[in-house]
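For this one, chain A is given, so just place chain B on it according to the hints.
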Amino acid sequence: MTMFEAILLTVATAATPLLIAALGELVVERSGVLNLGVEGMMIMGAVCGFAAAQQTGSAWIGMFAGILAGAASSLLFGFLTLTLVTNQVATGLALTLLGLGASAMIGETFVGLPGVKMESLYIPFLTDLPYVGKFLFGQDPIFYISILLTIGVTWFLFKTRAGLTLRAVGDNHTSAHALGVPVVRIRYLAVLFGGACAGLAGAQLSLVYVPQWVENMTAGRGWIALALVVFASWRPWRIFAGAYLFGAVSIGQLHAQALGIGIPSQFMSSLPYLATIIVLVLISRNKRLTLMNTPTSLGKPFVPDR
Amino acid sequence: MMRIEIVKRPQHSALFSALSPFIALLLTLIAGAVLFSILGKNPVSALYSYFIEPLTEVWSIHELLIKAAPLILIAVGLSVCFLSNNWNIGAEGQLIAGGIAGSILPVVFPDFQGWYVLPLMLLLSMAGGMAYATIPAYLKVRFNTNEILTSLMLVYVAQLFLDWLVRGPWRNPQGYNFPETVQFNESAILPAIWAESGRAHWGFILALIAAVIVWFMLSRTLNGFEIKVLGRSARAGRFAGFSAGKLTFFAFLISGALAGLAGIAEVSGAVGQLRTSISPGYGFTAIIVAFLGRLNPLGIIAAGLVLALSYLGGEAAQISLGISEKSARIFQGIILFFVLASDTLIYYRIRIVSRLSDTALKGA
Numbered sequence: 181m182t183m184f185e186a187i188l189l190t191v192a193t194a195a196t197p198l199l200i201a202a203l204g205e206l207v208v209e210r211s212g213v214l215n216l217g218v219e220g221m222m223i224m225g226a227v228c229g230f231a232a233a234q235q236t237g238s239a240w241i242g243m244f245a246g247i248l249a250g251a252a253s254s255l256l257f258g259f260l261t262l263t264l265v266t267n268q269v270a271t272g273l274a275l276t277l278l279g280l281g282a283s284a285m286i287g288e289t290f291v292g293l294p295g296v297k298m299e300s301l302y303i304p305f306l307t308d309l310p311y312v313g314k315f316l317f318g319q320d321p322i323f324y325i326s327i328l329l330t331i332g333v334t335w336f337l338f339k340t341r342a343g344l345t346l347r348a349v350g351d352n353h354t355s356a357h358a359l360g361v362p363v364v365r366i367r368y369l370a371v372l373f374g375g376a377c378a379g380l381a382g383a384q385l386s387l388v389y390v391p392q393w394v395e396n397m398t399a400g401r402g403w404i405a406l407a408l409v410v411f412a413s414w415r416p417w418r419i420f421a422g423a424y425l426f427g428a429v430s431i432g433q434l435h436a437q438a439l440g441i442g443i444p445s446q447f448m449s450s451l452p453y454l455a456t457i458i459v460l461v462l463i464s465r466n467k468r469l470t471l472m473n474t475p476t477s478l479g480k481p482f483v484p485d486r
Numbered sequence: 019m020m021r022i023e024i025v026k027r028p029q030h031s032a033l034f035s036a037l038s039p040f041i042a043l044l045l046t047l048i049a050g051a052v053l054f055s056i057l058g059k060n061p062v063s064a065l066y067s068y069f070i071e072p073l074t075e076v077w078s079i080h081e082l083l084i085k086a087a088p089l090i091l092i093a094v095g096l097s098v099c100f101l102s103n104n105w106n107i108g109a110e111g112q113l114i115a116g117g118i119a120g121s122i123l124p125v126v127f128p129d130f131q132g133w134y135v136l137p138l139m140l141l142l143s144m145a146g147g148m149a150y151a152t153i154p155a156y157l158k159v160r161f162n163t164n165e166i167l168t169s170l171m172l173v174y175v176a177q178l179f180l181d182w183l184v185r186g187p188w189r190n191p192q193g194y195n196f197p198e199t200v201q202f203n204e205s206a207i208l209p210a211i212w213a214e215s216g217r218a219h220w221g222f223i224l225a226l227i228a229a230v231i232v233w234f235m236l237s238r239t240l241n242g243f244e245i246k247v248l249g250r251s252a253r254a255g256r257f258a259g260f261s262a263g264k265l266t267f268f269a270f271l272i273s274g275a276l277a278g279l280a281g282i283a284e285v286s287g288a289v290g291q292l293r294t295s296i297s298p299g300y301g302f303t304a305i306i307v308a309f310l311g312r313l314n315p316l317g318i319i320a321a322g323l324v325l326a327l328s329y330l331g332g333e334a335a336q337i338s339l340g341i342s343e344k345s346a347r348i349f350q351g352i353i354l355f356f357v358l359a360s361d362t363l364i365y366y367r368i369r370i371v372s373r374l375s376d377t378a379l380k381g382a
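Going down the list, the protein sequences come from chains A and B. To get our numbering, take the position in the first sequence, counting from 1, and add 180. To get our numbering, take the position in the second sequence, counting from 1, and add 18.
Pulled out of the complex, with its shape left as it was, chain A reads as follows:
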């Protein structure tokens, strides 16, 4: 395996959780709901995915446990913000705090235990192709899911009637409601999808990226995923580009640390966070462009009049 290929692979592994979580949040925000609990749902996915895989010995069961954990956490958020119409920002923060706390407690007995790593794909001949073989045909299943999700979410949002309805709900919930669209039900489904994606992204961390459980192992990735949605101005393919850009930054700084170029490791480690801030500033400075793309009902409470 060449150096080029190895770097490409690690970038993909670092980008995949960001991509999946951000795609989920994209659908949520397109329906007009702002769920700031991505970090919390992701860490629940990571810990439950790890625990289930560790107990059963099957990475696949772990993956599904992660998805379920993320979806279950998002249901809590959905009940509060959609049924009880609580403040979405505050409720999302609550979900993140609860997720970080609950995962620390659930994971306490799993610290230091060896995990179950998800097997990578191997197709004779194809995987052995030079340069691109491993990247295209030799990665873990969640990588392929992330690519399918990118295509699927694009298709769903822009090519299907259901996607159009979801976007209409996000842009004007009052009109959608007047037209007889079940606003709250659609938002529940969107929130559940976002939670499942965040859970899957978390499971990728604890089953593929570093197959072990470490407290707070998401390390802000849920927040970076939220930033990616803004960066992508709510478009799936731009999320893909953004996720790989961030994957490249975080892997690049690791390689630079390994080369020992004399810059303290802590400064290199803060690069992904600083890059997030810089990218957000660059994107949001054009106020008109941001306003044009933001779902108009994003974060606003909706109470159906009866």
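Treat the hints loosely; a few may be bogus.
Pairs of lysine to aspartate or glutamate, EDC-like flavour, derived with a Cα cap of 20 angstroms [claimed, not checked]:
no.	chain 1	residue 1	chain 2	residue 2
1	A	K467	A	D351
2	A	K480	B	E23
3	B	K344	A	E395
4	A	K467	A	D485
5	B	K344	A	D351
6	B	K344	B	E71
7	B	K59	B	E71
8	B	K59	A	E288
9	A	K480	A	D351
10	B	K26	A	D485
11	B	K344	B	E23
12	B	K59	B	E333
13	B	K264	B	E244
14	A	K297	A	E395
15	B	K344	B	E333
Just so you have them, the derived chain A footprint on chain B, three or more residues with Cβ under 8 angstroms [to be verified]:
no.	segment
16	20 to 27
17	110 to 120
18	173 to 182
19	295 to 306
20	351 to 364
If you are wondering where the hints come from, they were derived from the structure by calculation, not from laboratory data. Since the structure is predicted, the reported quantities are computational estimates derived from the model, not experimental observations. Ideal Cβ positions, reconstructed from N, Cα and C, are used throughout, including at glycine.
Just chain B, lined up with the frame of chain A:
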């Protein structure tokens, strides 16, 4: 089948406005009892060691005040932010910035001693917290950048910077390579309130003073009125001639200063030196405190004590019952959920409708 429906009240309910924090606490206790039963512990003794035991000893009441001090300081600042619709969730980073800035004198100039050292440290810590909070405020006002994400990203940056500082240039040369700075000299230590009985320091008094001042500002001055108007409706605020940009800076500067103060109070009052980690997430727990206190500085004093109790309760439950002290963080998260849910009762009437009567209604 049952369905929950909410109906907007014509006027918000003063009764539930006062009751909602208590409803939330009661629900949290019930949820806690259920949680402990699932874990196979006796819920009564678990709740006892969580919420009563820490209050039975003098030393642990001191510990309670130590933990409540940073929570109240930060939450009071956050109340100004949240009321004005500025979502500063990077208080943890501002706390670290304040802790670092306030430690410059005792770490870099340990020979500089005298009564004036401590006041200077407090001022420096506030300046440090303010400077760090200015970044998200400036980006929001100038570039329209989401302050939630920027302020949060800066927490990670601050943690990494502190880690570098304490392992690198500020490490105690005589410290056997431990990642710690030198011990602060006598004049750089925030004194105990009542040294004979325990180690609670003046940070708690500072927190009470800050709460009363901010309460006065919010409820009795034009500035406070401006904060509430702009927070409820940016449009109405603009018509009244209030500037949202100026207010954003004001809110972030106040909360940054108070978080910075919390940082130095923790470093110089509770620990006595700078370490790689100076807070068990006070900046985030303070968000819960602010909401439980209904964004009212006086309510926040009480809420800060409750959340501080949960930290101590976690430790007590671990020792006496073998429940992980991390259960405290679950409690804290659950409290916020219940607070938000109970707040719904203030503005809405909740009806539980059964599907049966619903269809009967439609049939008629």
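Now for the hints, and whether the structure bears them out:
For the given pair, K467 (chain A) sits about 18 angstroms from D351 (chain A) by alpha-carbon distance, which is consistent with the 20 angstroms threshold. At roughly 18 angstroms between alpha-carbon atoms, K480 (chain A) and E23 (chain B) fall within 20 angstroms of each other, so this suggested pair holds. A hinted pair counts as satisfied when its Cα atoms are at most 20 angstroms apart, and K344 (chain B) with E395 (chain A) qualifies at roughly 11 angstroms. At roughly 33 angstroms between alpha-carbon atoms, K467 (chain A) and D485 (chain A) are farther apart than 20 angstroms, so this suggested pair is violated.
At roughly 41 angstroms between alpha-carbon atoms, K344 (chain B) and D351 (chain A) are farther apart than 20 angstroms, so this suggested pair is violated. Of the supplied pair hints, the one linking K344 (chain B) and E71 (chain B) holds, its CA atoms being roughly 18 angstroms apart against a limit of 20 angstroms. Between K59 (chain B) and E71 (chain B) the alpha-carbon distance is near 16 angstroms, which keeps this suggested pair within the 20 angstroms criterion. Restraint check for K59 (chain B) and E288 (chain A): the C-alpha separation of about 18 angstroms stays at or below 20 angstroms, so the hint holds.
Between K480 (chain A) and D351 (chain A) the alpha-carbon distance is near 11 angstroms, which keeps this suggested pair within the 20 angstroms criterion. Simply put, K26 (chain B) and D485 (chain A) have alpha-carbon atoms about 9 angstroms apart, close enough for the 20 angstroms limit, and the pair holds. Of the supplied pair hints, the one linking K344 (chain B) and E23 (chain B) is violated, its CA atoms being roughly 35 angstroms apart against a limit of 20 angstroms. For the hint linking K59 (chain B) to E333 (chain B), the alpha-carbon distance of about 16 angstroms falls within 20 angstroms, and the restraint holds.
Straight-line distance between C-alpha atoms of K264 (chain B) and E244 (chain B) comes to about 11 angstroms, which keeps the hinted pair within the 20 angstroms bound. Under the criterion of a C-alpha separation no larger than 20 angstroms, the hint pairing K297 (chain A) with E395 (chain A) is consistent with the structure, at around 18 angstroms. A distance of roughly 9 angstroms separates the Cα atoms of K344 (chain B) and E333 (chain B); the hinted pair therefore holds under the 20 angstroms criterion. For the segment 20 to 27 of chain B, the assignment as covered by chain A holds, since 5 residues bring a beta-carbon within under 8 angstroms of that chain's beta-carbons and 3 suffice.
Counting residues of the segment 110 to 120 of chain B whose CB lies closer than 8 angstroms to any CB of chain A gives 0, which falls below the minimum of 3, so the coverage claim is violated. For the segment 173 to 182 of chain B, the assignment as covered by chain A holds, since 6 residues bring a beta-carbon within under 8 angstroms of that chain's beta-carbons and 3 suffice. A count of 4 residues in the segment 295 to 306 of chain B with a Cβ less than 8 angstroms from any Cβ of chain A is obtained; the coverage claim is therefore met, three being the minimum. Using a Cβ-Cβ cut-off of 8 angstroms, 8 residues of the segment 351 to 364 of chain B lie near chain A, which meets the minimum of three, so the contact claim holds.
The structure shown violates the earlier hints numbered 4, 5, 11, 17.
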